[in-house]
Amino acid sequence: MKRLCLVLLLLAAPLWAFQPDEMLDDPVLETRAQALDEVLRCVRCQSESIASSNAEWATDARRRVRELLLEGASDTEILEFFVARYGEVVLMQPRTGGSNLLLWLAGPAMLLVGGLGAWLYVRQRGMADEPGVEALSEDERARLRDILDR
Amino acid sequence: MITELGHFALILAFCIALIQSVVPLIGAARRWPGAMAVALPAAQVQFCLIAVSFGALTWAFVTSDFSLRLVMLNSHTAKPMLYKITGVWGNHEGSMLLWVLIVALFGATVAWFGNALPPTLRARILAVQGMIGAAFIGFILFTSNPFLRLAVPPMNGNDLNPLLQDPGLAFHPPFLYLGYVGLSMTFSFALAALIEGRIDAAWGRWVRPYTLAAWVFLTIGIALGSWWAYYELGWGGFWFWDPVENASFMPWLLSVALLHSAIVVEKRESLKSWTILLAILAFGFSMVGAFITRSGVLTSVHAFANDPERGVVLLFILAAFMLAALVLFAVRAHVMQARGVFALESRETMLIINNVLLTVAAFIVFVGTIWPLVAEMLFDRKMSVGAPFFNIAFTPFMVLLGLVLPVGAMMPWKRGKMGRTIRALRPALVLAVAVALLVWAMQTGQSAMAPIGLFLGAWLVAGAATDIWGRTGRSALRPRLARLRRLPRADWGKAVAHAGLGVTMAGIAGLLAWEAEDIRVAQVGERFDVAGYSVWLRDVTEVEGPNYRATRAEVQLGRGDRIIGTVFPEKRVYPVAAMPTTEAGIDNGFLRDLYVVIGDPQTGGGWAVRTYVKPLANWIWGGAILMALGGFLSLSDRRYRVAAGARKTAPEGVPAE
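Each protein sequence line maps, in turn, to chains A and B.
The opening position of the first sequence corresponds to residue 655 in this note's numbering, with each subsequent residue numbered one higher.
The opening position of the second sequence corresponds to residue 461 in this note's numbering, with each subsequent residue numbered one higher.
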């Protein structure tokens, strides 16, 4: 029984993302490595970073990150290394350049537009004359009372 | 036989939904009472028929009728009964059936309780609801029929995705659907008002309970999903900014905005066309959610139930409804004249700020979610938009919202004084600043996230307390305490929900800022320390579940000499689906969770063990529970029961929010 379980466990894909034997001995480097794991996407998976993914590709990518760190590469160099091979899709955080400016500016621009619209509306409401209850017919007023007072 | 009855009931429901979407509309236009009245029995019968159909499918799952293709694909005889039942909606076809069941249920509530509504408005609401029902029932019947039989039934089924065999996730879809589809009701109200050409305070009062209900269900659904991800996925993440999560988050944000703008319609007869537009967009985003989940057009971790071709049909349904609604809006919105006049410093203005922040936040989530698609189509750039983007682009809006919320909640209607409101909130502000300084002093050298988050938490909770206390008037302590109990439930609902938001914000900030993690190989019997807690791997055994096998570790947790408790993290394998899952061992605490995961056996002996200390983790869901509770309180306010056609009594007490 126990053996069968072990076989099954080995057959099943490693469930665990990050394995203890992957860790670097140098805690400073390892901290940097884990930060990099978070911003690199596992391109074989569904919108997951290599830090949380348990796919084989992600494991290889994590090993690669650590190898490059041991070789003395900087964080940017490591990101460049992955972008050069797999394209921008490997970055969890989209870059700011080019057409992506649209993405990054969409929020602030919308806030500006919305804020301006709201400001104009508030000003107009502040200056408008209140039509008051007189604008309702006698009937309507009765019905409104009926609904609101019930 | 029962299956065929269910199938037949669904076809009948389709026909009735078609009638319901046409006849009352003509009746309302021509003022034919008979034709308008058709809507009432139609809505009720449609609901009963779909309920029969849903019951038939459930029966097939319960009895493991493997002659049904759907049951064969998603069930197994060895599965516990609970998951046989929840398996009904753990797949595409069944979940769409649940969706139309809820559409019909909401429609039926208008037939049951809507006697106070003007007959033409009611007929039009039910007609629009009928169209939504017809579209989705048609979608089920023509593209995703759950009642298809197999010529040769197998002996057993393929089992439900093991990840879904969990209480948290079993009830996650129904709540989300109640929320999504609850917004179909506000959509129907909005369209009916546009056709009718008028919208008044009574309309606002009717729309609010539906929005409130939808929002409460969305809150519960999202919280359940997030809680599930936290304990099930094995590393304690609670939000991934995954497309499907975003798809549920956008309607949530918009329903919050709608909830607040409908107050302005009800109380002050302003913001009418904006509220209508929000109601349309909120349901639009619900359908976008259904589309994203069901089509798999965006890569997502929720990739267990999708099919691109059906996605196209859903996209057509979505486009048709949105196009029709927006054209109608463009043509008719100008008839919605605002009445209320208000000054710059007023509750109205604050609620407009709330709406701007929430809709822009929803817009950012939307842009971030679809950007990979847009960039690939227009600029031929393949890219990912992951959590880092949303953390940078989205979070500031929530911080701003948290900052202005207590002030806006206490600002008087029509004309207020900013200075006076802030003065009333001064104790809350002092408390919040003190909390932030304390936190900052305690955690030297770390990010500003925790101080900001806990400042917002304290500010929101204390602000809500100030708000509710302020409603008791100015007199001695005792009468005020007595009055506190008699305040309308809506006031309590508002305070509780706002405080809940604060608790959630504090929880998220605390968890993200202070989490500690430890990964190591541990021998059985080994003890080690993680961030001040001692972890003792006492034993690892094999255990057998009903439809899985598990490796179970016994881990004792302690602090100093004190034993905190023992947890049993498991690693399960479901042989039928050939899938492993983790069950984390979690020791829940008020201030922190201890979270232990057992991994693979190592070649050199010992087991991989991951231990996390997760400060304030439970506050995230605790806050969500508070928000939902606030919604329920507000929903149970007597005004709504009264508006729903109950006894006629005079109002009493302070006017409710």
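Please note that the accuracy of each hint is not assured.
Unchecked claim - Only pairs whose alpha carbons sit at most 20 Å apart, straight line, appear in this in silico SDA-like list of lysine to any residue:
(1) Lys877/B <-> Val776/A
(2) Lys877/B <-> Pro887/B
(3) Lys877/B <-> Ile813/B
(4) Lys877/B <-> Val864/B
(5) Lys842/B <-> Gln778/A
(6) Lys877/B <-> Met781/A
(7) Lys727/B <-> Ala662/B
(8) Lys877/B <-> Val827/B
(9) Lys727/B <-> Leu1095/B
(10) Lys727/B <-> Asp714/A
(11) Lys727/B <-> Val737/A
(12) Lys874/B <-> Ala884/B
(13) Lys842/B <-> Gly769/A
(14) Lys877/B <-> Arg777/A
(15) Lys842/B <-> Val693/A
(16) Lys842/B <-> Gln747/A
(17) Lys842/B <-> Glu734/A
(18) Lys842/B <-> Trp711/A
(19) Lys842/B <-> Gly751/A
(20) Lys842/B <-> Gly752/A
(21) Lys874/B <-> Trp711/A
(22) Lys877/B <-> Trp773/A
(23) Lys842/B <-> Arg777/A
(24) Lys727/B <-> Ala884/B
(25) Lys842/B <-> Val737/A
(26) Lys842/B <-> Val697/A
(27) Lys842/B <-> Ala738/A
(28) Lys842/B <-> Asp800/A
(29) Lys727/B <-> Val697/A
(30) Lys842/B <-> Val827/B
(31) Lys727/B <-> Met615/B
(32) Lys842/B <-> Pro674/A
(33) Lys727/B <-> Arg739/A
(34) Lys874/B <-> Glu805/B
(35) Lys874/B <-> Ala803/B
(36) Lys842/B <-> Arg698/A
(37) Lys727/B <-> Val776/A
(38) Lys727/B <-> Gln778/A
(39) Lys727/B <-> Arg875/B
(40) Lys842/B <-> Tyr740/A
If you're looking for bench data, these hints aren't it; they were derived computationally from the structure.
Is the Cα-Cα distance between lysine 877/B and arginine 777/A 20 Å or less? Satisfied, since the Cα-Cα distance of roughly 17 Å is no more than 20 Å.
Can the restraint linking lysine 874/B and tryptophan 711/A be considered satisfied, given a maximum Cα separation of 20 Å? violated (60 Å)
Given the proposed pairing of lysine 842/B with tryptophan 711/A, does the C-alpha separation stay at or below 20 Å? holds (19 Å)
Taking 20 Å as the top limit, are the C-alpha atoms of lysine 877/B and valine 864/B close enough? holds (14 Å)
Has the given pair, lysine 842/B with arginine 698/A, been kept, meaning a C-alpha gap of at most 20 Å? holds (14 Å)
Proposed proximity, glutamine 778/A with lysine 842/B (alpha carbon, max 20 Å): The hint is violated at about 45 Å.
With a cut-off of 20 Å on the C-alpha distance, tell me whether lysine 842/B and alanine 738/A pass. At roughly 13 Å apart (the allowed maximum being 20 Å), alanine 738/A and lysine 842/B satisfy the hint.
Pairwise hint evaluation, alanine 803/B against lysine 874/B, where the allowed Cα distance is 20 Å at most: holds (6 Å)
When you check the alpha-carbon spacing of lysine 874/B and glutamate 805/B, does it fall within 20 Å? The hint holds at about 8 Å.
Tell me if the straight-line CA distance from lysine 727/B to alanine 662/B falls inside 20 Å. Distance of about 10 Å is within 20 Å: holds.
Straight-line Cα separation of lysine 877/B and valine 776/A no greater than 20 Å? Between lysine 877/B and valine 776/A the Cα gap is close to 16 Å, so the pair holds against 20 Å.
Lysine 842/B and valine 827/B: Cα distance at most 20 Å? Holds, at roughly 15 Å.
Comparing the model with each numbered hint stated earlier shows that hints 5, 8, 10, 11, 13, 21, 23, 24, 28, 29, 31, 32, 33 do not hold.
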